[in-house]
Structure formats: structure tokens, C-alpha cells
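There are 2 protein chains.
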Amino acid sequence: MEGRGKAIIDGVEGNYGRDELAMKKPPAGGGSCELVLRFLGFVLTLAAAIVVGTDKQTTIVPIKVVDSLPPLNVAVSAKWHYLSAFVYFLVANAIACTYGAISMLLTLLNRGKSKVFWGTLITIFDALMVALLFSGNGAATAIGVLGYQGNSHVRWKKVCNVFDKYCHQVAASIILSQLGSLVFLLLVVLLPILRSRRRS
Amino acid sequence: MEGRGKAIIDGVEGNYGRDELAMKKPPAGGGSCELVLRFLGFVLTLAAAIVVGTDKQTTIVPIKVVDSLPPLNVAVSAKWHYLSAFVYFLVANAIACTYGAISMLLTLLNRGKSKVFWGTLITIFDALMVALLFSGNGAATAIGVLGYQGNSHVRWKKVCNVFDKYCHQVAASIILSQLGSLVFLLLVVLLPILRSRRRS
Numbered sequence: 001m002e003g004r005g006k007a008i009i010d011g012v013e014g015n016y017g018r019d020e021l022a023m024k025k026p027p028a029g030g031g032s033c034e035l036v037l038r039f040l041g042f043v044l045t046l047a048a049a050i051v052v053g054t055d056k057q058t059t060i061v062p063i064k065v066v067d068s069l070p071p072l073n074v075a076v077s078a079k080w081h082y083l084s085a086f087v088y089f090l091v092a093n094a095i096a097c098t099y100g101a102i103s104m105l106l107t108l109l110n111r112g113k114s115k116v117f118w119g120t121l122i123t124i125f126d127a128l129m130v131a132l133l134f135s136g137n138g139a140a141t142a143i144g145v146l147g148y149q150g151n152s153h154v155r156w157k158k159v160c161n162v163f164d165k166y167c168h169q170v171a172a173s174i175i176l177s178q179l180g181s182l183v184f185l186l187l188v189v190l191l192p193i194l195r196s197r198r199r200s
Numbered sequence: 001m002e003g004r005g006k007a008i009i010d011g012v013e014g015n016y017g018r019d020e021l022a023m024k025k026p027p028a029g030g031g032s033c034e035l036v037l038r039f040l041g042f043v044l045t046l047a048a049a050i051v052v053g054t055d056k057q058t059t060i061v062p063i064k065v066v067d068s069l070p071p072l073n074v075a076v077s078a079k080w081h082y083l084s085a086f087v088y089f090l091v092a093n094a095i096a097c098t099y100g101a102i103s104m105l106l107t108l109l110n111r112g113k114s115k116v117f118w119g120t121l122i123t124i125f126d127a128l129m130v131a132l133l134f135s136g137n138g139a140a141t142a143i144g145v146l147g148y149q150g151n152s153h154v155r156w157k158k159v160c161n162v163f164d165k166y167c168h169q170v171a172a173s174i175i176l177s178q179l180g181s182l183v184f185l186l187l188v189v190l191l192p193i194l195r196s197r198r199r200s
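These protein sequences, in sequence, are chains P and B. Here this note's numbering is used: the first residue of the first sequence is 1, the next is one more, and so on. Here this note's numbering is used: the first residue of the second sequence is 1, the next is one more, and so on.
Treat the hints with caution; some may be incorrect.
Just so you know, same-sequence chains aren't split out, so a pair can sit in one copy or run between any two.
[To be verified] The list that follows gives simulated cross-link-like pairs (lysine-lysine, BS3-like), each with its CA atoms no further than 30 Å apart:
| hint | residue 1 | residue 2 |
| --- | --- | --- |
| 1 | Lys157 | Lys56 |
| 2 | Lys64 | Lys157 |
| 3 | Lys56 | Lys158 |
| 4 | Lys165 | Lys56 |
| 5 | Lys115 | Lys165 |
| 6 | Lys158 | Lys64 |
| 7 | Lys158 | Lys115 |
| 8 | Lys79 | Lys56 |
| 9 | Lys115 | Lys56 |
Calculated directly from the structure, the hints in this document are not laboratory data. Computed from a predicted structure; not experimentally measured.
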């Protein structure tokens, strides 16, 4: 038995070594897919943070003080930091975009290496980014809906009829952030599958 | 070599079989931990949905119509479905609680079996629950903060000084849902680790 095994191993020793190396090396597709997703997550959250962070609109509103006099034109401004939900939304996207850049760099440096600790750590942080981004999106969307529709029950009037550009910019930012969140969600879901494929 | 191996195998054949079975069976700790977490997720999201779904308060507010007359006492109500963010929050918790119950049952039925497809599917749904719950929490918290503090820039007045019980119930529900979300986040992060331990 020992002799047969030895003979087989000796006979294909060179090929066996190459095959073993090829199996240990992760397939290029999986690693590239992870890198592309991390790059997308970084770009989308960065864009969302910039779009909401530069959101500002000043408009002239006619206000009637006395019925007998013509309305007064008053300049009113809307800035992104006036609503705490938008501040949270920007901070969440800034954190996610910073993490996206760092994780992209670390993935590039660790390419081809199979580190269990590194894999676990990055899955934890990916999941935290999903939680952070989705809560930020939820908060910004809830305030956005209020701005568009108002709420008669609590007497919160809509503001998007006055600050249209401001609201459109918030909506664009929410869409970008939502796409970024989906990318991080994909990373959480796909990474364990990609890693198990690399191992097998 | 063959003889030595055969002798050893023959000598401990009975014990070897039992050990092999014990190795294939997952350790009780990992499976129980998953079940406890799923139960916690189910209970917390169910409690959050019930607490917000039963939130209703009617209070008497004195309104002065004419300065020379005493104020009129008007009954005003606050219900959970008056704000779309709370409706979304309740639906998110109801979905997560239903999923928690189903996944708990399926985990119990699949206990001891190592199914890759089932593991992948449940990780995807766990991650979706994290996204859903955190966006619901973000939306409810954003509206809750507005209710407590109001916002002078957009002239949205605070309402929690009038509807105190209503706001406290919303706050309790958000805390319960936040705990439930953390449980699902733990499942997403811990399950791959628990599963890889079971396999090794």
C-alpha cells in the first residue's frame, strides 16, 4: 500500500505541486469582484456625502404682514445641517466612504492570502456599515418625506414647495447612499460565498 | 505501513466510529447560541411592533380663540399610523418578527445537518432583516427627535410636550427594536464563525 502510494506520488510529483499552488491561489474573479464592490461602495457613499454636504438654498418668500400693505420679500435659507437627520446621514456616509477606501486598500494588500482573522474582521465591519448606512438612509428619507408632504396631524407643513432645489439634492443624495448601502449589503452576503469558493 | 494502520484501526474500530459521529454532529453550544439569538430577535421585534402598534393618546388642549373669552378645551388624538415613518417601523418589525419565528423553526428542524444552501439563504435573509430594521429604526428615531425637540428652521413644533405618554411609548418601542436589530446583526456576524467552527 505504501509502495503504491509512493509510486503514484513520485510519478506526478511535479504536476501535483503546481496544482496544489493553483488551488491555494484564489481565483481572480472572486477577488476582483470584491474589489469592484468596495470601489463602488466608496464612490457612491462619497458622492452621497458630497451631494448632501453641499446642499444649500436661499430663496425669496413673499410674507404678508398687514393686509392693507403689499407682501414683504424675505430671503430664507435652507442648509443641510439645519436638520439633525441629515447631519447623521452625512456622518454615516462619510464613515462608510472612509471605511470603503481603507478596506479596498487592505483587500489589495491581502490579495491571495487566506487569513481567517482578517476575513472575520472585515465581515464584522461590512455588517456595521450596512447597519449605519441603512439607519442614516431611514432617517434622511423620513425627514425627506415630511418635507415633501408635510403632516397635518402634527401641523408640520411641507417645505419642498419653497426649497425645491434643496429637496431634489437631498433626494439624489439618498438614492446614491441607498445604492452604496446595497453594495455593502452585497459584500456581507457575497463575501462568505466567495471565500468558501476560494477555499474549495 | 499498511499493516500498522490496519492494526490500529482494527484495535479501536468501535471507538473510532463513535468519535467520527461525534465530530460530524455540531457542538451543542453553537446551535443553541443561534437558537437563543433567533428567539431574542423574535421576542424583541414582536414587543417593539406591539408597543408601537398600540400607541394612542387623547389629551385635552386649551385653545384660546378670542382673547376676551376663556380658552376652549379641545380633545386631540395622536395615533401611531398618523406618521408614515412609524407605519414603516411597525411593518419592518412585524416582518423581522415573522422571519425570526420561521427561521427559529427551520433552525430547529435543520439542527445537526450541514447544508450549505440553507446556510447561505439564512445569511442573506438575516442581512436583509438588519437592513430593514435599521432603516426602520432610523426613520422612527428621526421623527421621534423632531417630536421631542421640534425644528425652528422649518417651523415644525415639538409635540411631545402635549403627547408625553405617546412619545414615551414610541421611545420604548425604538429601544426594543434597536436591541432586536443588534441581535440580527450579531447573527450575521457570528453565524459564519459558528458554522466554520462546526465544520472544523
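* To do: Have a look at lysine 115 and lysine 56 and pick one of within, between, both or neither, based on CA distance no larger than 30 Å.
  => neither (46 Å within a copy, 53 Å between copies)
* Asked: What label fits lysine 115 with lysine 165 when the C-alpha limit is 30 Å: within, between, both, or neither?
  -> neither (48 Å within a copy, 52 Å between copies)
* lysine 158 and lysine 115: within-copy, between-copy, both or neither at 30 Å Cα -> So lysine 158 and lysine 115 fail the 30 Å test inside a copy (52 Å) and across (52 Å) alike.
* To do: Using 30 Å as the alpha carbon limit, work out where lysine 157 and lysine 56 are close: within a copy, between copies, both or neither.
  => Classified as both; 19 Å inside a copy, 22 Å across copies.
* **Intra/inter-copy verdict for lysine 56 and lysine 158 if alpha-carbon distance must be at most 30 Å** => both (17 Å within a copy, 24 Å between copies)
* Asked: Is it within, between, both, or neither for lysine 64 and lysine 157, if the alpha carbons may be no more than 30 Å apart?
  -> Answer is both; intra-copy 18 Å and inter-copy 21 Å each pass.
* How would you label the pair lysine 158, lysine 64 (within, between, both, or neither) given a Cα cut-off of 30 Å? -> Both: 19 Å inside a copy, 25 Å across copies.
* **lysine 79 and lysine 56: within-copy, between-copy, both or neither at 30 Å Cα** => within (4 Å within a copy, 34 Å between copies)
* Asked: At most 30 Å between C-alpha atoms: does lysine 165 with lysine 56 qualify within a copy, between copies, both, or neither?
  -> Classified as within: same-chain Cα gap 8 Å, cross-chain 36 Å, threshold 30 Å.
In the structure shown, a violation is registered for the earlier hints numbered 5, 7, 9, in ascending order.
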